[in-house]
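Produce the entire structure from the sequences given, and follow the hints as far as they go.
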Amino acid sequence: MVLSCLSWIPITCKQLVAPFIPRRPCEPLPDDIVIDILSRLPVECVLQCRRVCKQWKALTSTPYFVEIHLKRATPTVIIHLVHHKDIEQFFIDEWGDSIKKMKTRIQKICTAPILAENKYLNPLLNFSYDGLLIFRPKFIDTQGASIIFNPITQEKVTLHNCWGEICGIFFHPLAREYRVIWLGTRSSSVKFKILSLGAQSSWRQLPDFSYMPRIGVPPVILNEALHWMVEIYYAQDATTHFPPCPQSIVIFDIRKEEFHVMPHPGDHEGSICEIKHNQMHLLEIEGRLSLCEFSLCAQVIDIWILEDYAKWFWIRRHTISLELDLKRYPFSYDFRQNCLVRVLGILNGELLLHWKDRGLFAYHLQHGTVRKFERKFEKSGMDGLFTHAYMSLHSKSLVSLRNFKSEIFMEPINY
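In terms of numbering that gives the first Met the number 0, the sequence shown opens at residue 0 and continues consecutively.
No lab work stands behind these hints, which were simulated from the structure alone.
All the pointers check out, no bait thrown in.
EDC-like, lysine to aspartate or glutamate: derived pairs with alpha carbons at most 20 Å apart:
| no. | residue 1 | residue 2 |
| --- | --- | --- |
| 1 | K155 | E87 |
| 2 | K56 | E154 |
| 3 | K255 | E223 |
| 4 | K70 | E285 |
| 5 | K192 | E176 |
| 6 | K70 | E43 |
| 7 | K53 | E26 |
| 8 | K107 | E43 |
| 9 | K56 | D35 |
| 10 | K404 | E154 |
| 11 | K190 | E410 |
| 12 | K155 | E406 |
| 13 | K310 | E283 |
| 14 | K53 | D30 |
| 15 | K70 | E223 |
| 16 | K192 | D252 |
| 17 | K107 | E154 |
| 18 | K310 | E285 |
| 19 | K53 | D31 |
| 20 | K53 | E43 |
| 21 | K355 | E292 |
| 22 | K56 | D30 |
| 23 | K404 | E176 |
| 24 | K310 | E223 |
| 25 | K56 | E43 |
| 26 | K310 | D252 |
| 27 | K192 | D207 |
| 28 | K70 | D129 |
| 29 | K190 | D252 |
| 30 | K255 | E176 |
This structure is a prediction, so every number in the text was calculated from the model and none was measured.
If you want it as structure tokens, here you go:
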């Protein structure tokens, strides 16, 4: 007992004398620890940390930091509103220990760089990738401008003289550069080009392909490939006016730069194939390609997971009943006619769906519950915002477009 008490004497003395000893400056933390800490912060906090010292600014500006910060970023919902001569965009952030205790923040985005491009033909939000917003011309059949814009850095790249639109953007793992897949249509002809973004941009026309990816939705990028559902109204198969079930998913191999098609999961029914394909949407769940299939007649949503990519083996993982949802939030008209739904993706275990003229909904895959975002904003006067707006999941990032060529002119496509 005495020995144990005596062992505390040096420690106690050190604590008593410490206030009278001149303090030495703390050793700076190693760069890898600083990067690990800062990369876990929201992007707004990282921007504030850049003002602390030159070292932190340099560390948070490296490609490595930007990449690791993007991987750790929590997606948010972005809302795009187009008025007569104006564009409004908002971030909708949620945080909390549980769904019931969720808190929400609405943050308006500065859209001045987008409006400066074309005041009379406001571009429409197409999709988001790596923190970059992809905008298409309001009228695809006109020579408008497509825009790649980072709302955090306020940097943009403008693609001029564009007949068509961007159907995909990806980061090439070997070239270490962003590339854009461009889709152009003339009459019944579909052509593709690929653009390498950078200080010296370059276009290349891709080999002809019979099917057109679904426009206006982001591709799912997994296993070094881009995945879309086929756009049924532009299928170029001479035997049918819409793609058959075995050819319903378009895949673009990033390394080979080649397109091919694969079948969707579930039953293949020729007579109602067109209707079924309209109600299928691709997304990513837990790092795997997934397919969300709506059956409004049966009032269910089936979610399929691709278990084996090489063998193209799917399993049905979730079945969500819409019966409770339709009773609590009924359609203004026959729900069987309402196929205008956009699958935003999975966020905090919830499937986010935007029903046109109905609102934004979150379906919890494990609990089987449903909630409507609109109710949270009735007091803020934004209750109608979710009905007519365009929405997408977006990860705020520090991806810089500063070293890219800011003005790119589209080269003619050889039809």
